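Enquirer: Top to bottom, those sequences are chains A and B.
Residue numbers for the first sequence follow the numbering used here, beginning at 1 and rising by one.
Residue numbers for the second sequence follow the numbering used here, beginning at 1 and rising by one.
Treat the hints loosely; a few may be bogus.
Straight line, CA to CA, 20 Å or less: simulated EDC-like cross-link-like pairs of lysine to aspartate or glutamate [claimed, not checked]:
1) B:K42 x A:E22
2) A:K64 x A:E52
3) A:K41 x B:D78
4) B:K96 x A:E52
5) A:K20 x A:D88
6) A:K41 x B:D55
7) A:K66 x A:E87
8) B:K96 x A:E63
9) A:K64 x A:D88
10) A:K14 x A:E52
Treat the hints as calculated values from the structure; they're not laboratory data.
No experiment lies behind these values; they were computed from the predicted model shown.
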Amino acid sequence: GAVVSQHPSRVICKSGTSVKIECRSLDFQATTMFWYRQFPKQSLMLMATSNEGSKATYEQGVEKDKFLINHASLTLSTLTVTSAHPEDSSFYICSAQGAGATGYTFGSGTRLTVV
Amino acid sequence: QKEVEQNSGPLSVPEGAIASLNCTYSDRGSQSFFWYRQYSGKSPELIMFIYSNGDKEDGRFTAQLNKASQYVSLLIRDSQPSDSATYLCAVTSTDKLIFGTGTRLQVFP
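All chains should be modelled from the sequences, with the hints used to inform the complete structure.
Expert: Pasting the structure below:
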C-alpha cells in the first residue's frame, strides 16, 4: 500500500532556531500534501494544503511566514518551522493524496519540542 | 472552517461489548467520511471510510452514514482491550480532510 515516510520522528530545538520536517511518498505521486498540527489531547488541526509546484494555501490563523511549506516534487514536501518558540511545540503530521494511493495517506508524525 | 463534532468521552465498555461512536458534521456538501484510530503519540490509522448512506461493514467494524441528519457513526463489535484508543471522525470539505475532536474509548477486561 501507499506509504508516506516522515522525518524526523522527534526533534528538540532551541528557541529561535528553525526546524525542517520532511514527508516523502515512497510508492506513489503525492500531488497534494496536507500539513496538520496536534496539541496534547486535541484533534488534528489543518495548517495548510500544498499542491505540487504551487504555493501552499494556509488555513486562517496560520502564519505563512513562520511555517514555510515546499512541495517542489511529487514525492517530497517539507515544512520548516522558522524562529521556533515553545508554543510551537506540537505533533506535526503530513497527509498525502495522489495517483496510486487511495484516500489520504498519513506520515508517522514529528514530535517537535522547542526549549 | 466547517465543524466536525464528537463526544470526547471517555467511553468505557467491557470486553466483548459493542462500542458505539458518534459524529456530526456541519458541511452538507461533504462527500467522504472516515474513521481513524489514534494511539497516544502515534499518527492516525484508517479504520474505515464510507461514501453512501447506509451501513458498511468490515470485520468487527460497521460504519453508518445518514447524510440527511449529517451523522456518521462507528460500531465496534466484540470490543477488545487493544481497541482502547482515541477514535477520530474525519469529513471531507472541499477536498480538505477535517477532523473531529475524537472520542477516547476504554475497553476494560
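Enquirer: Confirm or reject each hint.
Expert: Consistency of the hints with the structure:
no. : hint          : in the structure
1   : B:K42 x A:E22 : holds (17 Å)
2   : A:K64 x A:E52 : holds (17 Å)
3   : A:K41 x B:D78 : violated (26 Å)
4   : B:K96 x A:E52 : holds (16 Å)
5   : A:K20 x A:D88 : holds (13 Å)
6   : A:K41 x B:D55 : violated (30 Å)
7   : A:K66 x A:E87 : holds (13 Å)
8   : B:K96 x A:E63 : holds (19 Å)
9   : A:K64 x A:D88 : holds (14 Å)
10  : A:K14 x A:E52 : violated (31 Å)
The structure is inconsistent with the numbered hints 3, 6 and 10, although it conforms to all the rest.
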